[in-house]
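Novice: Read off the chains here:
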Amino acid sequence: MSLETDIAHDAFPETQWSLIGRAKERGDAAGREALTQLLRRYQPALRAHLERGKNIPTERAADLLQGFIADKVIEQNLLEHALQSKGRFRSFLLVTLNHYVASSFRAEFAAKRTPTAGLRALTDQDAELAGNAPDPAEEFTYAWARTVVAEAIERMRAECQRAGRMDLWTLFDSRVVRPAWDGSEPSDYAQLVAELGLATPLQACALLTTAKRMFLRNLRAVTAEYADPDEGPDAEINDLKELVAYRGRRAQLTKRPRNQD
Amino acid sequence: MSEVDTSQHDVEGLSTLLDVGDVGRHQWKPKELAEMASHQWAAPLYLSLGTFSGQAIHLLAKTSPQLPTRLTLGQLLGQPHPPTSLLRLVKQFAKQCRGDANHPLPQELVMLLYYASVVAAERAGEPISQLPPASLRRGLRWLCEQTWVEGEIRTLLEAGRDRLGEQG
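For the protein sequence lines, the chains are U and A, in the order given.
Our numbering puts the first residue of the first sequence at 1, with every later residue one more than the last.
Our numbering puts the first residue of the second sequence at 262, with every later residue one more than the last.
These aren't lab readings, by the way, just hints derived from the structure by calculation.
All C-beta atoms in this analysis are idealised placements derived from N, C-alpha and C, irrespective of residue type, glycine included.
Among these hints, one or two may not hold up.
[Unchecked claim] Ranges of calculated distance between the beta carbons of each label pair, as one might list FRET restraints:
1. ALA322(A) <-> ALA163(U): 44 to 50 angstroms
2. ILE318(A) <-> ALA194(U): 23 to 29 angstroms
3. PRO44(U) <-> GLU406(A): 46 to 52 angstroms
4. ARG165(U) <-> ALA303(A): 32 to 38 angstroms
5. ALA395(A) <-> GLU195(U): 42 to 48 angstroms
6. ARG217(U) <-> GLU411(A): 33 to 39 angstroms
7. LEU216(U) <-> GLN327(A): 42 to 48 angstroms
[What the hints assert, rightly or not] So the derived list for chain A, only partly shown, Cβ under 7 angstroms to chain U, looks like this:
8. LEU279
9. VAL284
10. THR312
11. THR324
12. LEU328
13. GLU383
14. GLY386
[Said to hold, decoys possible] If you want the ones that stay clear, here's a sample from chain A, every Cβ over 10 angstroms from chain U, calculated:
15. VAL281
16. GLU411
17. GLY426
Kindly produce the complete structure, drawing on both the sequences and the hints.
Specialist: Listed below in structure tokens is the structure:
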């Protein structure tokens, strides 16, 4: 990215809705690029929803997702219906995908020759039951939370690089990101003091505070791009936090010892 | 043996990143607190007292005989008769850190600075604290119980605790 694009991106971050607006004009290159960017951002979460939320095998989920994008998003111009007044875009996308999947299953069964006492047609209810997670949307939202955080981390890293502040990134990455993301031990204080040439504990701690503030600012910026404008990014972050915390509590309750079958 | 739950780690990691929250408070292990205490001890006063660092330079210049500009906290507290003005400055810095919700220094280190300055002043016969002896004893007892308080720092605090204990 050029410096001018970087500055423009920072000063006027693209809102999700302006991105959607541009994507609607898919006749031009900018519109197609916007649509590609939009789909790339949501695809991991949609895939997680199908595979883990609805227990659809990976290959089948990939087919369904490709079909959804080709038939609904592109062919039927789904985005025309994604109006801001209808609430969160991710919720809209999820509901539409669920309807598409249910329709696909119905069409498949209808196309098969069945015995007189054979299988009944798959209804919407059956399609829902195909996923046995307590809340199928949870997989989508969890995957989306990961996407949002990963984007915020990447933006912070890029900002530190542009600003010549890799000391901030090194500290944040080694103390916060890597321990959270891959479970590695945080780099210890003495190591960081030596590596970054920090003169006092106050300087070290202040630097870590600055780094956390920078990450939080980027996290808010990412969520602001798609959050409901009436609610704002903090409400969206809290919503994602609650979902992740709920998933953690549920995982604790359903953990089984290895030797119990 | 219980099941290894890798997804639980993923959940906890994601929770941590979504909940950066109180940006001014950081988690440090005891070993790191020991390293920070040593770092603070070895750092020149004119760098290590935050917004009071400038005042440290001014006070150092007024000492007689004049103390070096690069005097460290450890060197100050190691003197039999350290300048009370500088000890008060260290105590002020600690109080400011304790009272500032955004201040990033760990509260354990702040407490160490406070009590170390008070003990050094009391040892020189020029008390700088209004705290009652019982409160001072409690604070010193807690610090002496911390494994990360080591070396000459521990020696200073234990001697102060013992002197206060003798006074009843």
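Novice: State for each hint whether it applies.
Specialist: Verification of the hints:
1. Checking the proposed 44 to 50 angstroms range against ALA322(A) and ALA163(U) shows it is violated: the Cβ atoms sit about 37 angstroms from each other.
2. At about 26 angstroms, the CB distance of ILE318(A) to ALA194(U) agrees with the hint of 23 to 29 angstroms.
3. For the hinted restraint 46 to 52 angstroms between PRO44(U) and GLU406(A), the CB-CB distance of approximately 49 angstroms keeps it satisfied.
4. The hint said 32 to 38 angstroms for the Cβ distance between ARG165(U) and ALA303(A), and at roughly 26 angstroms that hint is violated.
5. Checking the proposed 42 to 48 angstroms range against ALA395(A) and GLU195(U) shows it holds: the Cβ atoms sit about 44 angstroms from each other.
6. Range check, ARG217(U) to GLU411(A): about 38 angstroms between beta-carbon atoms, so the 33 to 39 angstroms window is met.
7. A hinted range of 42 to 48 angstroms for the beta carbons of LEU216(U) and GLN327(A) is consistent with their spacing of about 46 angstroms.
8. Here the hint on LEU279(A) is kept, as its CB sits about 5 angstroms from the closest CB of chain U, short of 7 angstroms.
9. For VAL284(A), the interface hint holds, the least distance from its beta-carbon to any beta-carbon of chain U being 4 angstroms, beneath 7 angstroms.
10. Annotation: interface hint on THR312(A) violated; nearest CB of chain U at approximately 10 angstroms, more than 7 angstroms.
11. Annotation: interface hint on THR324(A) violated; nearest CB of chain U at approximately 22 angstroms, more than 7 angstroms.
12. Given the 7 angstroms rule on beta carbons, the hint for LEU328(A) is violated: about 19 angstroms separates it from the nearest Cβ of chain U.
13. Interface restraint check: GLU383(A) against chain U, minimum CB-CB distance 25 angstroms, threshold 7 angstroms, status violated.
14. Interface restraint check for GLY386(A): the shortest CB-CB distance to chain U comes to about 30 angstroms, outside 7 angstroms, so the restraint is violated.
15. The beta carbon of VAL281(A) sits about 5 angstroms from the closest Cβ of chain U, which is not more than 10 angstroms, so the claim that it is off the interface is violated.
16. Listed as outside the interface, GLU411(A) is consistent with that label: its C-beta sits roughly 13 angstroms from the nearest C-beta of chain U, beyond the 10 angstroms cut-off.
17. GLY426(A), annotated as away from the interface, keeps every beta carbon of chain U farther than 10 angstroms; the closest lies near 30 angstroms.
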